[in-house]
Amino acid sequence: AAGVIQSPRHLIKEKRETATLKCYPIPRHDTVYWYQQGPGQDPQFLISFYEKMQSDKGSIPDRFSAQQFSDYHSELNMSSLELGDSALYFCASSLVPRGGGGNEQFFGPGTRLTVL
Amino acid sequence: KQEVTQIPAALSVPEGENLVLNCSFTDSAIYNLQWFRQDPGKGLTSLLLIQSSQREQTSGRLNASLDKSSGRSTLYIAASQPGDSATYLCAVRHHGNNRLAFGKGNQVVVIP
Numbered sequence: 004a005a006g007v008i009q010s011p012r013h014l015i016k017e018k019r020e021t022a023t024l025k026c027y028p029i030p031r032h033d034t035v036y037w038y039q040q041g042p043g044q045d046p047q048f049l050i051s052f053y054e055k056m057q058s059d060k061g062s063i064p065d066r067f068s069a070q071q072f073s074d075y076h077s078e079l080n081m082s083s084l085e086l087g088d089s090a091l092y093f094c095a096s097s098l099v100p101r102g103g104g105g106n107e108q109f110f111g112p113g114t115r116l117t118v119l
Numbered sequence: 113k114q115e116v117t118q119i120p121a122a123l124s125v126p127e128g129e130n131l132v133l134n135c136s137f138t139d140s141a142i143y144n145l146q147w148f149r150q151d152p153g154k155g156l157t158s159l160l161l162i163q164s165s166q167r168e169q170t171s172g173r174l175n176a177s178l179d180k181s182s183g184r185s186t187l188y189i190a191a192s193q194p195g196d197s198a199t200y201l202c203a204v205r206h207h208g209n210n211r212l213a214f215g216k217g218n219q220v221v222v223i224p
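Quick note, the sequences are listed as chains A and B, same order.
Everything in the first sequence is counted per the numbering used here, starting at 4 for the first residue and increasing by one.
Everything in the second sequence is counted per the numbering used here, starting at 113 for the first residue and increasing by one.
Among the hints, erroneous ones may be present.
In silico DSS-like links for lysine-lysine, alpha-carbon gap of 30 Å or less [unchecked claim]:
hint, chain 1, residue 1, chain 2, residue 2
1, A, LYS55, A, LYS16
2, A, LYS25, B, LYS154
3, B, LYS154, A, LYS18
4, A, LYS25, A, LYS60
5, A, LYS25, A, LYS55
6, B, LYS216, B, LYS180
7, B, LYS113, B, LYS216
8, B, LYS154, B, LYS113
9, B, LYS113, A, LYS60
10, B, LYS180, A, LYS16
11, B, LYS216, A, LYS18
12, B, LYS113, A, LYS16
13, B, LYS216, A, LYS25
DEER-style ranges, computed between Cβ atoms [said to hold, decoys possible]:
hint, chain 1, residue 1, chain 2, residue 2, range
14, A, GLU54, B, GLY128, 45 to 51 Å
15, B, SER177, A, SER89, 35 to 41 Å
16, B, ARG173, A, SER89, 33 to 39 Å
17, B, ALA190, A, ASP59, 33 to 39 Å
18, B, GLY128, A, ARG12, 31 to 37 Å
19, A, SER68, B, GLU127, 44 to 50 Å
20, B, SER140, A, GLN44, 20 to 26 Å
21, B, PRO126, A, PRO11, 38 to 44 Å
22, A, ASP59, B, SER182, 25 to 31 Å
To be clear about the criterion: a stretch of chain B counts as covered by chain A if any three or more of its residues have a C-beta under 8 Å from a C-beta of chain A, and this derived list gives those stretches [claimed, not checked]:
hint, stretch
23, 140-153
24, 156-164
Everything labelled a hint here was simulated from the structure, so no lab data went into it.
Glycine is no exception: its CB is placed at the ideal position from the N, C-alpha and C atoms.
If we strip away everything but chain B, and leave its shape as in the complex, we get (with noise of 0.2 Å):
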């Protein structure tokens, strides 16, 4: 059963900040990584797919990687602002089936 494991499970940082979220997950044989951002008892909003064939995924401020051998995705958020503040959740597909398995998710504040 595929494991996903996300650390800090929660972290602040003063606003202007970088972040870096870190995803781990048990079994390499995934199709491709998501990662999402859900804010208080709202919806799943996707940021980026990595496909399991690349490294890295960049949209505005954000920038993802993947390193599939090791199991691992890292998020950076350039220049955190409060509006970053939310939960980022890692999710992979596994080969074979369509489900993703979520991480607990990392909870950010940025301090104004």
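For reference, chain A alone in the conformation it holds in the complex (with noise of 0.2 Å):
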């Protein structure tokens, strides 16, 4: 079955710098969301959209913007980069039940970002 797409799986960056996160959700889902795993932390949400569209937003700096496209991609873009931003950053994808109920969130393999 098709799982979640996150590239790259590995950055490197500089302090002050700038990457761009790509997800690619299960095909059919339409509500990604973005979560941020420091070293020996538990995942914290970031940001998440529903049918392109901003539906929450957690702890995500005003240096990260992301939005999703018209064919369901996702994209997190972050600035001025620090050397907090070093992280695996997770992208997750769920459909909305037709009738209700929670949804199975299901998550990539992550982007392992190193800020230097």
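Dock chain to chain to rebuild the complex, using the hints, since each chain is given by itself in its own frame.
Pasting the structure below:
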């Protein structure tokens, strides 16, 4: 079965540089989520999109922005990178059930960002 | 703010023993709860999803229970195997938003 695809898998940047992370959700999924997992930490929610509109916003720095495109893929743009941005960034996707009820989130393999 | 706690933080068991992992959350107004497995430096694999109206879910050797009113969930892994060694994360989705709030995980080592 198709899974969530993230690219790149690894990224090394210098401080103050810019990074763009890409996420391709499971086909027919309509919601995309971004999470950040620092070393030894639990994943923290950043932002989500439903049908290309921002649906929820968490602890995402103002230096970060994200969007979901017409083909449902999403990009997380990170500017003025800081050492503390080094983390594993996960994208997840889900499908809102037509009859309601909770939707299971499926996670991608993550992008490991290292800021030097 | 939803707080999710997992106890114990780490445990080691001999192969063949049953594993019991606990998760508690402070706000019982949840929509659902998911258990994940994470191998070191890897992604999150969804194991089980329990809706707020359900009491338990089973998949193979895995069984998860949910007591929403007391803010607790338990993951049981029967007849543990060395391949079960990983970190298990509990995550809850609160009513009113679709984000998951995670616990810090139970780090499990199954000794052959």
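Evaluation of the provided hints:
Restraint check for A/LYS55 and A/LYS16: satisfied, since their Cα atoms lie roughly 28 Å apart, inside the 30 Å limit. Under the criterion of a C-alpha separation no larger than 30 Å, the hint pairing A/LYS25 with B/LYS154 is consistent with the structure, at around 17 Å. Pair hint B/LYS154 plus A/LYS18 holds up; C-alpha atoms about 25 Å apart against a cutoff of 30 Å. At roughly 18 Å between alpha-carbon atoms, A/LYS25 and A/LYS60 fall within 30 Å of each other, so this suggested pair holds.
Using a Cα cut-off of 30 Å, the hinted pair A/LYS25 and A/LYS55 holds, with the two alpha carbons roughly 15 Å apart. Using a Cα cut-off of 30 Å, the hinted pair B/LYS216 and B/LYS180 holds, with the two alpha carbons roughly 20 Å apart. In summary, the hint linking B/LYS113 to B/LYS216 is supported, as the alpha carbons are separated by about 16 Å, within the 30 Å threshold. A hinted pair counts as satisfied when its Cα atoms are at most 30 Å apart, and B/LYS154 with B/LYS113 qualifies at roughly 27 Å.
With a C-alpha separation of about 14 Å, the suggested pair B/LYS113 and A/LYS60 falls inside the 30 Å cut-off, and the hint holds. A hinted pair counts as satisfied when its Cα atoms are at most 30 Å apart, and B/LYS180 with A/LYS16 does not qualify at roughly 44 Å. Among the hinted pairs, B/LYS216 with A/LYS18 is consistent with the structure: their alpha-carbon atoms are about 28 Å apart, no more than 30 Å. For the hint linking B/LYS113 to A/LYS16, the alpha-carbon distance of about 33 Å lies beyond 30 Å, and the restraint is violated.
Our distance criterion of 30 Å between C-alpha atoms is met by B/LYS216 and A/LYS25, whose separation comes to about 26 Å. At about 48 Å, the CB distance of A/GLU54 to B/GLY128 agrees with the hint of 45 to 51 Å. Taking the beta carbon of each, B/SER177 and A/SER89 are about 37 Å apart, inside 35 to 41 Å as hinted. The hinted range of 33 to 39 Å is satisfied by B/ARG173 and A/SER89, whose Cβ atoms lie roughly 36 Å apart.
Remark: the range hint 33 to 39 Å for B/ALA190 to A/ASP59 is upheld by a beta-carbon distance near 36 Å. As the Cβ distance of B/GLY128 to A/ARG12 is approximately 36 Å, the hint placing it in 31 to 37 Å holds. Against the hinted window of 44 to 50 Å, the Cβ-Cβ separation of A/SER68 and B/GLU127 comes to about 48 Å, which satisfies the hint. The supplied range of 20 to 26 Å is met by B/SER140 and A/GLN44, whose beta-carbon atoms lie about 25 Å from each other.
Range check, B/PRO126 to A/PRO11: Cβ separation about 40 Å, and the 38 to 44 Å hint holds. In this structure, A/ASP59 and B/SER182 meet the distance hint of 25 to 31 Å, their C-beta atoms being roughly 27 Å apart. For the stretch 140-153 of chain B, the assignment as covered by chain A holds, since 5 residues bring a beta-carbon within under 8 Å of that chain's beta-carbons and 3 suffice. Counting residues of the stretch 156-164 of chain B whose CB lies closer than 8 Å to any CB of chain A gives 6, so the stated coverage by that chain holds, three being the minimum.
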